[in-house]
Amino acid sequence: MTINTEKKDGTLIAAIEGDLDRTTSPELESRITPMLDSVTELVFDLAGLKYISSAGLRVFVKMQKLIGGGKMTLRHVAPAVMEIFRLSGFTNFLNIEE
Amino acid sequence: MEKSKRQLVRAAVITFILFLAASAIIAGSAWFVYYGEYNERVIENGNALNQNVKAIVEDYKILPWLISVWYSDDDFTAEPSDEIKEKFRYTDFSSLTQEYVESLSPEEQTAVARLAYFEMVDDLRKELGYKALRIMYYGSDDMEDEGCLVICCQYGSDVGLQEDSAWFETFVDYDESEHPVMTRIHDSGEDDPNYEFFMPKGSDKTYMYIYTPIISDTGVIAIVASCREWGEDVRSILISAAKIIAIALVLLLIIFSVVYFMISRHITERTGLAIERERQHSEMEIASKIQLSCMPSDLSAFDSRRDMSVYALIRPAKEVGGDFYDCFFIDDDHLALCIADVSDKGVAAAMFMMMAKVLIKNELSRDRSPALALTNVNRQLSENNDAQMFVTVWLMVAELSTGKCREVNAGHEDPAMRLSGGEWELIRYPHDLACGILPDIAYHEREFDMRPGDTVFVCTDGIPDAENTDKERFGTDRLITSLSQAGDKPKDMIMRVLSDADAFAGEMDQFDDMTMLCFTYEGTDTIEVTADDEHLPMVIGFADSKARIAGADDKLCGDIRLCTEEVFGNIIDHAYDDTGTAAVSAFTQDGYFCVRFADSGRPFDPAEADAPDTDTELSARKVGGLGVYLVQQLASDVRYSREDDMNILTVMFEIKEK
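Chains as they are written, first to last, in the numbering used here: chain A, 1 to 98; chain B, 1 to 658.
These aren't lab readings, by the way, just hints derived from the structure by calculation.
All values reported here derive from a predicted model rather than from experimental measurement.
Warning: the hint list may mix true and false statements.
Stated by the list, open to error - Computed beta-carbon distance windows for the label pairs:
| hint | chain 1 | residue 1 | chain 2 | residue 2 | range |
| --- | --- | --- | --- | --- | --- |
| 1 | B | 590 | A | 50 | 30 to 40 Å |
| 2 | A | 48 | B | 332 | 38 to 48 Å |
| 3 | A | 50 | B | 300 | 37 to 47 Å |
| 4 | B | 648 | A | 9 | 52 to 62 Å |
| 5 | A | 58 | B | 332 | 25 to 35 Å |
| 6 | A | 95 | B | 448 | 42 to 52 Å |
| 7 | B | 648 | A | 50 | 49 to 59 Å |
| 8 | A | 62 | B | 648 | 26 to 36 Å |
| 9 | A | 71 | B | 526 | 40 to 50 Å |
| 10 | A | 9 | B | 448 | 45 to 55 Å |
| 11 | A | 58 | B | 580 | 42 to 52 Å |
| 12 | B | 656 | A | 50 | 46 to 56 Å |
To be verified - Subject to a maximum C-alpha distance of 20 Å in a straight line, what follows is the list of computed SDA-like cross-link-like pairs (lysine to any residue):
| hint | chain 1 | residue 1 | chain 2 | residue 2 |
| --- | --- | --- | --- | --- |
| 13 | B | 471 | B | 507 |
| 14 | B | 555 | A | 83 |
| 15 | B | 555 | A | 78 |
| 16 | B | 555 | A | 19 |
| 17 | B | 555 | A | 48 |
| 18 | A | 50 | B | 205 |
| 19 | B | 345 | B | 277 |
| 20 | B | 656 | A | 80 |
| 21 | B | 555 | A | 18 |
| 22 | B | 555 | A | 80 |
| 23 | B | 555 | A | 87 |
| 24 | B | 555 | A | 82 |
| 25 | A | 62 | A | 92 |
| 26 | A | 50 | B | 558 |
| 27 | B | 361 | B | 444 |
| 28 | A | 50 | B | 541 |
| 29 | A | 50 | B | 366 |
| 30 | A | 62 | B | 625 |
| 31 | A | 50 | B | 556 |
| 32 | A | 50 | B | 548 |
| 33 | B | 555 | A | 51 |
| 34 | B | 318 | B | 284 |
| 35 | A | 65 | B | 625 |
| 36 | B | 555 | A | 17 |
| 37 | A | 50 | B | 507 |
| 38 | B | 205 | B | 237 |
| 39 | B | 404 | B | 345 |
| 40 | A | 7 | A | 91 |
Heads up, the beta-carbon is just placed ideally off N, CA and C, and yes, glycines get one too.
Based on the sequences and whatever the hints tell you, model everything.
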């Protein structure tokens, strides 16, 4: 998994490539969390994300909580990952753009 | 070395002894034969001489008269006056008659007797070649009584007159008792036997005398006595023989000395060569030991495994090459197989080989990628490679839980492969350069999956390059044929190829190392691993490979992966206080692909777990239970049982027929 971040005027864009599983999820959390100060909009570009497990889902739940009043968006979600979001009911709560 | 010299000396001594023995035998037999006839011949010769003397002496008609005159003349050997000599210059004394001499005056009679003596002696000398020596008297002064003329001769020798010789002098002063035979002949006229032996006083030689009486009316008037030194011939023969033997001995000695010298020099040269050979030989032995010590001597450690079988064999050539093979586990799940051939031979090649082997193992333990490992190994081998050696390497890493293999071929022979139930064929693809030539090149690996029953075989060029007496190569076609006719176990295959290559080569010597490695992947339905994150990829890979074999598509494989991660993750997180193990099985049953997890941790039935509230407002959501929920959603069925204090969780996926 690789993470590329871009921060501009209170907007943090994180592009995630690869797999988000038990072993990689903690890295995503530890990378993003310190960057959230004064961030009002958090965007995850998931075009390169091929796989996600519950560990990855949990990171997004945490991020949503951390951003608080801010806005979190998941962008460019691949079908396989979208299916997991759907199954887990995340599509109801997360702001997802296909 | 020294042994040869000793053998030569012994041969020389034996030859000398045999030579001396032969000489002694020949001389002895010659002596025996010769000595047996010696007496007879000496007597015969003496008698013949005596007859000649007798004929000359008896030619003098007035012999009895002459003897009587000489007997009465004290000085009959004195030279007569010139006047007398002149007077009888033309007289033939032998033909003088008794009447004539008696008519002469007494003075004239004495003179005639003296001249006749000289003539007689002269005749004897002329006829017998200086063998007549002296005429003298025997017996008392009274001739009428006992007197006798003794005409002494010597024969058997070429020395000529020996008037001063000891025998003659002593004979002049003879003692009757010393010559009993002569005394008997003189007294009786009996001349059988007619010889006797005598050693004169002051002489160390024995002489033989042979007597012949001259008889007239008055009895024995003269005796012809021949003498010769006894044993003279025998001695001279012995001396000659001794000389010949001595010369032969000297020649033998010279021959042996020359041979000894030549052999010594030859031995010295050969010793030098032998030392050199010995040195090379021991160097080869060292190389051989290095080489063989590098091989995993005992592959039986792998015998107990059911997920694979492996066999390897190296048969070094007489001149040790630099082949090696290796087979070791990088970790629980990854087996490294390696076969290689160093370009050179001898100790340097063996050292290079050892270095290559250690480097490969080290590099693989850092990273499981064979291409990365060889890239690094090559860089290190290429540095300071003054000997310009290189090594061809085939290196494969097999993941036993999944059958995923990665191989690199650095200038080595093509491996051969047989898929389960299929035919043997060579695997051809572009090879990388052998290691040790260029430092900065990247090696490439080929990935392929081995299914249970698949076998890979690889050897060094000693097998295909084996030649028969017609200079034909064994080649890869025969190799493939040989493999096809072999048994099912890797060991059977290797032994078959070896015996076929040997049968093909016939009487040709093996000129290069023959090394073979054969690996059959059997796979496994169950892996048992420590329940930790480190083993998660192995479990996922295992399930994935099994799912693909079972016919699962990418989508289903993704679901299986997710479920496997969730279930195994739960075991990691919750089953044990510390750590424990989990057995993961994958199999197909009744159209369902099943992954079964067994752990001996605390009981956990996912069916009883609270389902996460997927409809709840996010802020109120619990994050636990999500994994189990996803599994239940994705799988066709999830079954739990608790057996023998173990949690058995089976996740089932329906396989849709394409």
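Quiz item: So the hint says 46 to 56 Å: do the beta-carbon atoms of residue 656 of chain B and residue 50 of chain A match that?
Solution: violated, 22 Å
Hint check: residue 62 of chain A vs residue 92 of chain A, CA-CA at most 20 Å. Holds or violated?
This hinted pair holds, its Cα atoms lying about 16 Å apart.
Given the hint that residue 345 of chain B pairs with residue 277 of chain B, test it: the Cα-Cα distance must not exceed 20 Å.
Within the cut-off at roughly 16 Å; holds.
- Query: Are residue 58 of chain A and residue 580 of chain B spaced within 42 to 52 Å by their CB atoms?
  - Reply: violated, 24 Å
If you draw a straight line from the CA of residue 555 of chain B to the CA of residue 80 of chain A, is it 20 Å or shorter?
-> Cα-Cα ~8 Å, so holds.
Q) Regarding the pair residue 471 of chain B and residue 507 of chain B, is the alpha-carbon distance no greater than 20 Å? A) holds, 12 Å
For the pair supplied as a hint, residue 50 of chain A and residue 556 of chain B, is the alpha-carbon distance within the 20 Å limit? holds, 14 Å
- Could you check the hint for me, namely that residue 95 of chain A and residue 448 of chain B are 42 to 52 Å apart, CB to CB? Since residue 95 of chain A and residue 448 of chain B have Cβ atoms about 44 Å apart, the given range 42 to 52 Å holds.
Worksheet item: Taking only the CA atoms, is the gap from residue 404 of chain B to residue 345 of chain B under or equal to 20 Å?
Response: With a Cα-Cα distance of about 35 Å, the restraint between residue 404 of chain B and residue 345 of chain B is violated, given a limit of 20 Å.
Exercise. Is the hinted range of 25 to 35 Å satisfied by the C-beta distance from residue 58 of chain A to residue 332 of chain B?
Worked result: Holds, since residue 58 of chain A and residue 332 of chain B (Cβ atoms, about 29 Å apart) stay within the stated range.
Check your understanding: Going straight from one Cα to the other, do residue 65 of chain A and residue 625 of chain B come out at no more than 20 Å?
Key -> With a Cα-Cα distance of about 18 Å, the restraint between residue 65 of chain A and residue 625 of chain B holds, given a limit of 20 Å.
#### Entry: Holds or violated: residue 555 of chain B to residue 19 of chain A, with C-alpha atoms at most 20 Å apart
The given pair, whose Cα atoms are some 15 Å apart, holds under the 20 Å limit.
Hint compliance for this structure: hints 2, 7, 11, 12, 18, 29, 37, 39 and 40 are not met, and every other hint is.
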